[in-house]
Structure formats: structure tokens, C-alpha cells
Amino acid sequence: GAVVSQHPSWVICKSGTSVKIECRSLDFQATTMFWYRQFPKQSLMLMATSNEGSKATYEQGVEKDKFLINHASLTLSTLTVTSAHPEDSSFYICSARGLAGETQYFGPGTRLLVL
Amino acid sequence: TQLLEQSPQFLSIQEGENLTVYCNSSSVFSSLQWYRQEPGEGPVLLVTVVTGGEVKKLKRLTFQFGDARKDSSLHITAAQPGDTGLYLCAGARGNTGKLIFGQGTTLQVKP
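First to last, the protein sequences are chains A and B. Read left to right, the first sequence gives residues 686 to 800 (the working numbering). Read left to right, the second sequence gives residues 1267 to 1377 (the working numbering).
Pulled out of the complex, with its shape left as it was, chain A reads as follows:
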């Protein structure tokens, strides 16, 4: 149980385009999902907290107009990187927390490369 999926697993796009990444909890309902980015050989950096039916809460230094987050249902959150640039290239990982408990279950990540 507690499986989280992400789609796509990797994406290459041209500078200036927008990219949408989906995060789904497959076998449980997630009231809260989290979005992280990770640079090579570094730890995870929290970008934002996504709550179902409400606006996302962004961490300091994360541009909310650039990283649009939508949490439309208890099993789906999306992250859209708008007008992507090469510096946005990274490994984006989502996690989901169930209705009870503090454990977060992570998705497999999405590798984004902006040319």
C-alpha cells in the first residue's frame, strides 16, 4: 500500500515552454501533498505544500507564479513549471500524506531538462 506515482518520469523541453507534472496517490487519499526539488548529490528542498481544495503554501524563495500547484482532488496534485528555463532543470519529487499520521510517501520523481 501507500503508492505514489508521478507522470511523466522525465521530460525534455525548450526554454520558454510550460511543463506539467502530475502526482497521484494510487491506493490512499492524500489531503496534503508536498513538492520538492533535488539537485545532483544534494538533499530534498521543499518547494510548497499542497492541500486539497485550497491554495498551496510556498516556501520562502519559491516563486508561486512560476511553479503553479493545483490539488483538485484527494488523489491528484499537479505542478506546472511555467516558462521554463535551463536553471529550472532538476529532479522534482512529490510526496503524499494520508488522512492520518505523519508519514510521507514519495513518488519516483520527474527529471526535467530544459534546453
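Hints listed in this document are in silico derivations from the structure and should not be mistaken for laboratory results. Any given hint might turn out to be false.
[Unchecked claim] Chain A residues, not near chain B, derived (Cβ > 10 Å throughout):
1. V696
2. T702
3. Q714
4. G738
5. L759
6. T765
[As the list claims (entries may be wrong)] Now the stretches of chain B that chain A is said to cover, found in silico as 3 or more residues with beta-carbon under 8 Å:
7. 1295-1306
8. 1309-1322
9. 1359-1372
Fair warning: this is a prediction, and the values are worked out from it, not measured in the lab. Ideal Cβ placement from N, Cα and C applies to all residues, glycine included.
Go by the hints and put chain B onto chain A.
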């Protein structure tokens, strides 16, 4: 300011050796989680510790939560090449669900 200090950040050992990874903080956490991450994949939860002084074992891995719930350790006995990976500790505070991650420990076990 790094709220959760993880050490060592890099560790290269021979198969069969023992090792310990530490996570330390001046803050109290309601729970602490340990993850292992393979390159190109998401972190996989190993264990969650909640009670101060708690010890949990997962085969050759032993996890301990400090009495004051400010620190934790991961001990691996007789490490194997399959243990190679990035180990991450993460502490939870309050009811926001946010996790504060340590810097990670890259472990390489040589055959």
C-alpha cells in the same frame, strides 16, 4: 541554517564493515523518518520513529530516536554492496506535515 545536521555526508567502506549515520538537531521533532534513495528514484521510507528512546530494527539496520527527540541514528551491521545509496533523515514538527531533511549521507559499500 540547517535545522537537521546529518553526518557523515559521504562514507565509503568495505563489505562487512559496520557504520553509523547521525542526525542531530537543537529542535524537538514529533517524529523522525529515515529514507533511502537510489539514483534517479524517489526516497523510499525505511522507518518512522516517534517515541523518545525508541529503537527499531529492520534486518541489519538499527534506528534509534534520542530520548529528547532531537536526534537519531542509523546503524548498519555487516554492510553489503546492496546497501549503497543515499540515506536521508527527515524530522516532522507540529501538525503541518512538513519534513525537514538532513543533508543526506551517500554510502558506498565496496565488494
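Going through the hints against the structure:
For V696(A), the condition that its CB be more than 10 Å from all CB atoms of chain B holds, with the nearest at approximately 14 Å. With 10 Å as the threshold on Cβ separation, the claim that T702(A) sits away from chain B holds: the shortest Cβ distance comes to roughly 23 Å. Consistency note on Q714(A): stated as away from chain B, and its beta-carbon is indeed over 10 Å from all of that chain's, at 14 Å minimum. The beta carbon of G738(A) is kept farther than 10 Å from every beta carbon of chain B, the shortest such distance being approximately 16 Å.
The Cβ of L759(A) sits about 15 Å from the closest Cβ of chain B, beyond the 10 Å cut-off, so the non-interface label holds. Distance to chain B confirms T765(A) as a non-interface residue, since its nearest Cβ pair spans about 20 Å, more than 10 Å. Evaluation of the coverage hint for the region 1295-1306 of chain B: fulfilled, as 5 residues show C-beta separations to chain A shorter than 8 Å, against a requirement of three. Remark: the region 1309-1322 of chain B is confirmed as covered by chain A, as 4 of its residues place a Cβ nearer than 8 Å to a Cβ of that chain, reaching the required three.
Counting residues of the region 1359-1372 of chain B whose CB lies closer than 8 Å to any CB of chain A gives 9, so the stated coverage by that chain holds, three being the minimum.
Figure legend: structure checked against the earlier numbered hints; every hint is met.
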